[in-house]
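There are 4 protein chains.
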Amino acid sequence: MINIGVIGYGYWGPNLVRNFSEPPESQVVAVSDMNQKRLALVKNRYPAVEVTGNYKDLLSNPRIDAIAIATPVSSHYELARQALKNGKHVFVEKPMTATVEQAERLIEEAERCQLTLMVDHTFIYTGAVSKIKEVLDSGRLGHLYYYDSVRVNLGLFQHDVNVLWDLAVHDLSIMDYLVGVDPQAVSATGMSHVQGQPENMAYLTCFFENKMIAHFHVNWLSPVKIRQTLLGGDRQMIVYDDLEPSEKVRIYDKGITLNDGKEHVYQMMIGYRTGDMWAPQLDNTEALRIEAAHFVECVQQKKLPLTDGKAGLRIVRILELASKSLAERGKLVEIKY
Amino acid sequence: MINIGVIGYGYWGPNLVRNFSEPPESQVVAVSDMNQKRLALVKNRYPAVEVTGNYKDLLSNPRIDAIAIATPVSSHYELARQALKNGKHVFVEKPMTATVEQAERLIEEAERCQLTLMVDHTFIYTGAVSKIKEVLDSGRLGHLYYYDSVRVNLGLFQHDVNVLWDLAVHDLSIMDYLVGVDPQAVSATGMSHVQGQPENMAYLTCFFENKMIAHFHVNWLSPVKIRQTLLGGDRQMIVYDDLEPSEKVRIYDKGITLNDGKEHVYQMMIGYRTGDMWAPQLDNTEALRIEAAHFVECVQQKKLPLTDGKAGLRIVRILELASKSLAERGKLVEIKY
Amino acid sequence: MINIGVIGYGYWGPNLVRNFSEPPESQVVAVSDMNQKRLALVKNRYPAVEVTGNYKDLLSNPRIDAIAIATPVSSHYELARQALKNGKHVFVEKPMTATVEQAERLIEEAERCQLTLMVDHTFIYTGAVSKIKEVLDSGRLGHLYYYDSVRVNLGLFQHDVNVLWDLAVHDLSIMDYLVGVDPQAVSATGMSHVQGQPENMAYLTCFFENKMIAHFHVNWLSPVKIRQTLLGGDRQMIVYDDLEPSEKVRIYDKGITLNDGKEHVYQMMIGYRTGDMWAPQLDNTEALRIEAAHFVECVQQKKLPLTDGKAGLRIVRILELASKSLAERGKLVEIKY
Amino acid sequence: MINIGVIGYGYWGPNLVRNFSEPPESQVVAVSDMNQKRLALVKNRYPAVEVTGNYKDLLSNPRIDAIAIATPVSSHYELARQALKNGKHVFVEKPMTATVEQAERLIEEAERCQLTLMVDHTFIYTGAVSKIKEVLDSGRLGHLYYYDSVRVNLGLFQHDVNVLWDLAVHDLSIMDYLVGVDPQAVSATGMSHVQGQPENMAYLTCFFENKMIAHFHVNWLSPVKIRQTLLGGDRQMIVYDDLEPSEKVRIYDKGITLNDGKEHVYQMMIGYRTGDMWAPQLDNTEALRIEAAHFVECVQQKKLPLTDGKAGLRIVRILELASKSLAERGKLVEIKY
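Chains as they are written, first to last, in the working numbering: chain Z, 3 to 339; chain F, 3 to 339; chain S, 3 to 339; chain L, 3 to 339.
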């Protein structure tokens, strides 16, 4: 049995408490939040859980094995660092930290203490993304040409981070998991429409080796909600629409064929192939439930999480450099590893 | 009665011939194409129309008042220039020319000869775009924050121009008409996946004054066909989906509200407003029919076309600079006027 | 404060307990269920609520003002009757009873005891149905020609009632509320595909005065989930799609126009009119929450519920006669009032 | 080479002329219509085709091998009969005749004269219906439980036949082809909303042996256009949506499983199974083109058409009896063979 303490009971914290409470292998023993009303909610729903306005009560609580952090990103590093220092395993919300440097330090600290550090890249644990990974690994898409995602809706404007850190973080973590290689450079554009506030819409291009390219469109000011990703391979292609109630993942047996030909008969060179479409059945288990169980398993068996500190770092690195490019209106920023 | 000669009977030429043949005010008297099979098609459908393998027969034909040009973009300038020199009005396919310099010369030549020069920015003449223009002009969207379009499908790969010149040209001409102001800088990214061929997918950002931003996503290698444009204003927003059979234009009474507030109570500053959606009835008349009639009217009454040479130039200018940015992976290119 | 006892904690009971617990004007004090595992769930989530395996404990509990019944339909009558006899107000699941006779007796008993009898026709309390009612009452649809609904999906096969009692009950209650007049005859067809089980798919036509007609398609064995209703008026028409995430209700300014003309010029008589479409913003409050508050208000202020016993009776009457027609493969069954 | 004469150049006639003109094996030599304006249209598009206001000119023309009839249904029988009498093969629009008796006589006459009689059940020749037939014949759906179709839109009100003869004729012919067995009884309901005119909306149930059931919903007064068919088998199910641009046919690996169990444990008996969805690529060739070629082949090789006179009769029989049931508001009408 793993005992969990949760710091932060705002938007996402209740999901963490619920999902760490339900499995038999873990239980939530304490929750901290600076807002007393939020703590009253905890007490109402979970009378047996301790509540406190001071997160340090959790860090010093010897019954607690692991800390789950669901606070604004600016506090992630400090809270996670202290948790590790106090011998607690850490499960931290995305983005893992506010800077690359912080991410690197956390990874180092977790390794030093031999404690589990896992970042909550929730989508990785959905049935849809698992199935896409399986399809990609089977090789049926062939060589991957591009990854294109759109994640737009109306609200909720964040005040401390731009829309890339809030929305693109999901897509970057999905892409990172699916593609498995790191981008070499980024170019981002966008705009803030509210004086003094971070960018509320942004477009990010990631360049990879071998002509692979990825693009991300995120927007807090869209009249309609869109969650659509295209993956184009040289043999097959995928459309992943997270708002589809039943067929979220569609695999199209479509593509181009390149024929050898003399250079002057251009029209002969490229053929188009269209075939069947297939929408595989997906596992509908709540992603966070699978993820919570995975965290518990990693802690108990000292395994490396699928979304470990290094995964968190990779995403933070792209976000940091993308924000830099964004500030310079599309300037190409190379990524050093 | 205006007599038209059509140069080029490939993909789009048949539409020009049909639409200039039907109205009582114009008729097609001759068609030229280098391919005899295409000319046989003309003869079969329009026995009364003269056909020729040499476009110069059209230019020297005294019965012909105007030349419609539907050939590859690289030939537009030379054909249009010669037509003007021979005293013919010109209706030319988009993009108007292959370079800004060519566009400027054509405009100059047309003005000098007092002949009509019109570019076929077809979408401007659709019921959908007309209605959006009407809504924008009514002011109900408020200040326009952004324009975002996606135009992707599988094929047809062009060999002489990249995907911006082939697909984004449509969206740029729509934006130019709707927004009515010129961008100040562009940044474009993209990729060619076929060795030795132009870019088959691209992302283009246009920066405007007053925090307006526009973005264009075009792709010849998408498993699904998407034709979707979002226009975000500070009061209302529009979704224009050209593939919707009936409700192509939807106006959403949605937006954010900015409240005065002390700076430290960030959460108070931005409110979200959602209201009704309205899909106005659209005129379903074929755009090219309206456009053909407009060209004839402009020629007869010496009026300036809605899509005149200057409209053609504005689009070519963006395409030229976008291609430059594309080659330098997102480098910001300022536009001088 | 109204104290509620809930009988039955199966599929729907948890929603009743939650919605009667949250408002300040009511609280759930006890829950009965024959299944001990279900009672353990109650105890876990609501430690302060009494649980019992015997519903009679609720009827005899002097603290309890009202009984909410969420058991199989065959038990509704007996439970509701006993509750009224014990001086409790009654909130009962749909269909209200298994027969017309039972429904009539319950209404009589509630009137005699001056107690509130309300049936849970949940959809009446949704923002979508409220808005449609408002539109209908405004007269903009003109004379209502037809009501057509489809409610199909895969599962859950019921064993005690046919698919009309399980699914059409929703649509009949919506129609009853919206249309406000009673059908004069019914004709139903359908089929049972599982030996010894009730019909799993059915089609029901209701005939009204003045050429109004209603039709209901319900099916437990559909590969896709559909929840779509069409309302056709002589001036405007409505499409209500309950699965649409945002625009559930669409009002079409479409219809036919009848021109006076000599009888032999048939083609002149009917014109078609198409205009704008309008999707009004809807109240997203959970229907059961509004409904629970309405029940409490009716009890406290001795008001007649919107969905009173007579509304329950009207639906049961149609279901009873429709089942009779179903057994005789479409035979017309007149309804006597 | 087969020479065709076409009687009737209204809504559908132009499609017949075009499709019989294009293949090398057939040509249209003459067209008759009572409207001179329609004949002028023919002359304009097909200068080589003879036109006449008197269909008898076609019947007596020795150059003509076959007559295609695209006139109102009430005239089909007489025109087809005379054509056969004059030794012409016949291709006739759907519904084949206005009565069962007429259909039987035509079949008899064609057999007697050894001439081809084919009815234009166009949908049978689409890629979508061909693919569904292939899937059904493969047995993967298992035993077919039901066929359910919806074909509704706004207009065009017919004056001589009710909506079943105009719209359900398509679905009945598709069902007839796919299912391959005859219904044993029908029940139909519907309504006429325009004084003195035939029913403009109708619902038709067909009962088959072995618990198979089919239902058809047709309506000229719907605000939206719907063309959707569900086919439910005990192993798999199909959704055929003719308005889908790309994936018209979707095969769902879904169904119920029946477990042996003691009768009192009802809940154990029925399981639900959901699996992948598959949308096969479809042949996009114009159906009428395939059909025209098939007619020519049948004439030349004396083969029986896929949609022969007997297919036409089967559909007319259902329509005739359905109209009878419709007039008696759902009364069951048995079908004798």
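Take these hints with a grain of salt, some might be off.
Which copy is meant is left open, because identical chains are indistinguishable; a pair holds if it fits in one copy or across any two.
Stated by the list, open to error - Straight line, CA to CA, 27 Å or less: simulated DSS-like cross-link-like pairs of lysine-lysine:
1) Lys-45 - Lys-58
2) Lys-227 - Lys-213
3) Lys-304 - Lys-338
4) Lys-135 - Lys-333
Derived by calculation from the structure, the hints in this document are not laboratory data.
Status of each hint after checking the structure:
For the identical chains of this complex, Lys-45 and Lys-58 are intra-copy neighbours only, at 19 Å inside a copy versus 32 Å across copies, given an alpha-carbon limit of 27 Å. Taking CA atoms no more than 27 Å apart as the test, Lys-227 paired with Lys-213 passes between copies only; the shortest distance there is 23 Å, against 30 Å inside one copy. Taking the shortest Cα distances, Lys-304 and Lys-338 never come within 27 Å of each other, neither inside one copy (30 Å) nor across copies (61 Å). For the identical chains of this complex, Lys-135 and Lys-333 are neighbours neither inside a copy (32 Å) nor across copies (33 Å), given an alpha-carbon limit of 27 Å.
In summary, the numbered hints that this structure violates are 3 and 4.
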